[in-house]
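Protein chains: 2
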Amino acid sequence: MPPALTKLIDALGNLPGVGPRTAERYAYYLVRREPAKAEQLAAALTGLHSGIKYCPKTFALIAADHDVSPLYSDPRRDRKLVAVVAEPLDIVALEKTNGFHGTYHVLGGLVSPIDGVGPEQLHIHELVQRIDDDEVEEVILATNASVEGESTSLYIQQQIGDREVKVTRLARGLPIGVDLEYADQITLSRALEGRQAL
Amino acid sequence: MPPALTKLIDALGNLPGVGPRTAERYAYYLVRREPAKAEQLAAALTGLHSGIKYCPKTFALIAADHDVSPLYSDPRRDRKLVAVVAEPLDIVALEKTNGFHGTYHVLGGLVSPIDGVGPEQLHIHELVQRIDDDEVEEVILATNASVEGESTSLYIQQQIGDREVKVTRLARGLPIGVDLEYADQITLSRALEGRQAL
Numbered sequence: 002m003p004p005a006l007t008k009l010i011d012a013l014g015n016l017p018g019v020g021p022r023t024a025e026r027y028a029y030y031l032v033r034r035e036p037a038k039a040e041q042l043a044a045a046l047t048g049l050h051s052g053i054k055y056c057p058k059t060f061a062l063i064a065a066d067h068d069v070s071p072l073y074s075d076p077r078r079d080r081k082l083v084a085v086v087a088e089p090l091d092i093v094a095l096e097k098t099n100g101f102h103g104t105y106h107v108l109g110g111l112v113s114p115i116d117g118v119g120p121e122q123l124h125i126h127e128l129v130q131r132i133d134d135d136e137v138e139e140v141i142l143a144t145n146a147s148v149e150g151e152s153t154s155l156y157i158q159q160q161i162g163d164r165e166v167k168v169t170r171l172a173r174g175l176p177i178g179v180d181l182e183y184a185d186q187i188t189l190s191r192a193l194e195g196r197q198a199l
Numbered sequence: 002m003p004p005a006l007t008k009l010i011d012a013l014g015n016l017p018g019v020g021p022r023t024a025e026r027y028a029y030y031l032v033r034r035e036p037a038k039a040e041q042l043a044a045a046l047t048g049l050h051s052g053i054k055y056c057p058k059t060f061a062l063i064a065a066d067h068d069v070s071p072l073y074s075d076p077r078r079d080r081k082l083v084a085v086v087a088e089p090l091d092i093v094a095l096e097k098t099n100g101f102h103g104t105y106h107v108l109g110g111l112v113s114p115i116d117g118v119g120p121e122q123l124h125i126h127e128l129v130q131r132i133d134d135d136e137v138e139e140v141i142l143a144t145n146a147s148v149e150g151e152s153t154s155l156y157i158q159q160q161i162g163d164r165e166v167k168v169t170r171l172a173r174g175l176p177i178g179v180d181l182e183y184a185d186q187i188t189l190s191r192a193l194e195g196r197q198a199l
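Quick note, the sequences are listed as chains A and B, same order. Each residue of the first sequence is one higher than the one before, starting from 2 at the first, in my numbering. Each residue of the second sequence is one higher than the one before, starting from 2 at the first, in my numbering.
No lab work stands behind these hints: they were computed from the structure. Where is the CB? At the ideal position from N, CA and C, for every residue including glycine. Please note: incorrect hints may appear among the correct ones.
Some chain A residues close to chain B (C-beta under 8 Å, calculated; not the full set) [stated by the list, open to error]:
(1) 4
(2) 36
(3) 43
(4) 52
(5) 62
Here are the computed lysine-lysine pairs in the DSS-like style, where the Cα-Cα straight-line distance is at most 27 Å [unchecked claim]:
(6) 8/B <-> 38/B
(7) 81/A <-> 167/A
(8) 54/B <-> 97/B
(9) 38/A <-> 54/B
(10) 8/A <-> 38/B
(11) 8/B <-> 54/A
(12) 81/B <-> 167/B
(13) 8/B <-> 97/A
(14) 38/A <-> 8/B
(15) 81/A <-> 54/A
(16) 8/A <-> 97/B
(17) 8/A <-> 8/B
(18) 81/B <-> 97/B
(19) 167/B <-> 97/B
(20) 54/A <-> 97/A
(21) 167/A <-> 97/A
(22) 38/A <-> 8/A
(23) 38/A <-> 38/B
(24) 81/B <-> 54/B
(25) 54/A <-> 38/B
(26) 81/A <-> 97/A
(27) 8/A <-> 54/B
In isolation and in its complexed conformation, chain A is listed as follows (with noise of 0.2 Å):
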């Protein structure tokens, strides 16, 4: 194989959950296509890192020309509801719900000794600032349903204290669409134990 198609389905490997052979049929696809489709993906590689930084206030991923995230400087934005999520992305699946008008505040990832991440690693103590600093009134930890997810809960809980804030976390229950006989045993005791009055 010539080397600049080497070297590319080597790069391409680099990304998660590609193996060779879907990094060749990458690669492939981008020799077939116009000369035009692979100088797009590469320019919108090169700049990446220098159009983007993490916001100082809520850590949300931000255009490197912004002071702070949109949706923290937005002032329909309620600041003192706080969404606590793991990752930067978790923000656009939140926000396609289009059910939640308060702010962000992302972790950079969730306690998990297996991965030496540490809660000192994370932002915690940001988010405890910004609790004091905004008055914040209701934080809404939407970690993922995971031992990782609950246990950085458990932590952050631990460190707002007997603060005056009101401390939730996003429901456990049946996914919409999915059958009963289908849903894992502990899926369905968290239904049941969280189950509403009709």
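Take the given structure of chain A and dock chain B to it, following the hints.
Frame of chain A, contents of chain B only:
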């Protein structure tokens, strides 16, 4: 989302089989890694089209500074034995078997009326020319075991006509490691038809 990120997600979403979620995952992975990773991929993309060309003899992808495919010019490869494949990457698959010492001929696709690909768009004429020029003794039709693969094979056989050349195709049968009970009917029928004496 910052435009630099949106642009990258859009560009990645052009890759085959990559939806918005996967593109987001790839982009966010590159955000978290050091900028060198993104730049390495950008460089590989920029150098792609300038670094490759098609071999004028076999239509394999070769380095831009080569005249013909090394798999054709290598004196250890038998030019009288030609494996006909649909795409350049099929060569990689066959080379991995380490069991083929002939040369290749890439058609550049398969006859597919639905996709508007007629036989005149494939390098079939050049194959027939090679059969004459190189006094080819055997042509192995190594096309997919699909309708398009079969009909392309048939068309090539017609074009070869009554030239004195053995025309073979890859065996159809049970893939290794697959239980007989899970094999589909057509595969099993072909395996029966092509049964071999022990």
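Going down the list of hints, with the structure as the test:
The restraint placing residue 4/A at the interface with chain B holds, with a minimum CB-CB distance near 6 Å, inside the 8 Å limit. Annotation: interface hint on residue 36/A holds; nearest CB of chain B at approximately 4 Å, less than 8 Å. Below 8 Å, beta-carbon pairs count as interface contacts, and residue 43/A has one with chain B at about 4 Å; its hint therefore holds. The interface hint given for residue 52/A holds, since its Cβ lies 2 Å from the closest Cβ of chain B, which is under the 8 Å cut-off.
For residue 62/A, the interface hint holds, the least distance from its beta-carbon to any beta-carbon of chain B being 6 Å, beneath 8 Å. A threshold of 27 Å between alpha carbons decides the hint, and for residue 8/B with residue 38/B the separation of about 17 Å falls inside it, so the pair holds. For the given pair, residue 81/A sits about 11 Å from residue 167/A by alpha-carbon distance, which is consistent with the 27 Å threshold. Only pairs whose Cα atoms come within 27 Å are accepted, and residue 54/B paired with residue 97/B is accepted, the gap being roughly 22 Å.
A hinted pair counts as satisfied when its Cα atoms are at most 27 Å apart, and residue 38/A with residue 54/B qualifies at roughly 17 Å. Of the supplied pair hints, the one linking residue 8/A and residue 38/B holds, its CA atoms being roughly 13 Å apart against a limit of 27 Å. Taken as a hint, the residue 8/B and residue 54/A pair is honoured in the structure, with Cα atoms around 15 Å apart against an allowance of 27 Å. In summary, the hint linking residue 81/B to residue 167/B is supported, as the alpha carbons are separated by about 11 Å, within the 27 Å threshold.
Taking the CA atoms of residue 8/B and residue 97/A, the gap is about 19 Å. The hint holds against a cut of 27 Å. Of the pairs offered as hints, the one joining residue 38/A and residue 8/B holds, with about 13 Å between alpha carbons and a cut-off of 27 Å not exceeded. A hinted pair counts as satisfied when its Cα atoms are at most 27 Å apart, and residue 81/A with residue 54/A qualifies at roughly 24 Å. For a cut-off of 27 Å, the pair hint linking residue 8/A to residue 97/B stands: about 19 Å separates their Cα positions.
Note on residue 8/A and residue 8/B: the hinted pairing holds, with a Cα-Cα distance of about 23 Å set against a maximum of 27 Å. A distance of roughly 21 Å separates the Cα atoms of residue 81/B and residue 97/B; the hinted pair therefore holds under the 27 Å criterion. Annotation: proposed proximity of residue 167/B to residue 97/B holds, straight-line Cα distance about 24 Å (limit 27 Å). Restraint check: the Cα-Cα separation between residue 54/A and residue 97/A comes to about 22 Å, which is no more than 27 Å; the hinted pair holds.
Distance check on the hinted pair: residue 167/A and residue 97/A sit about 24 Å apart at the alpha-carbon level, within 27 Å; holds. Taken as a hint, the residue 38/A and residue 8/A pair is honoured in the structure, with Cα atoms around 17 Å apart against an allowance of 27 Å. Taking the CA atoms of residue 38/A and residue 38/B, the gap is near 20 Å; set against the 27 Å cutoff, the hint holds. Our distance criterion of 27 Å between C-alpha atoms is met by residue 81/B and residue 54/B, whose separation comes to about 24 Å.
Distance check on the hinted pair: residue 54/A and residue 38/B sit about 17 Å apart at the alpha-carbon level, within 27 Å; holds. For the suggested pair residue 81/A and residue 97/A, the alpha carbons sit about 21 Å apart, so the restraint of at most 27 Å is met. With a CA separation close to 15 Å, the supplied pair residue 8/A and residue 54/B stays within the 27 Å bound.
The structure fails none of the hints (numbered hints given earlier).
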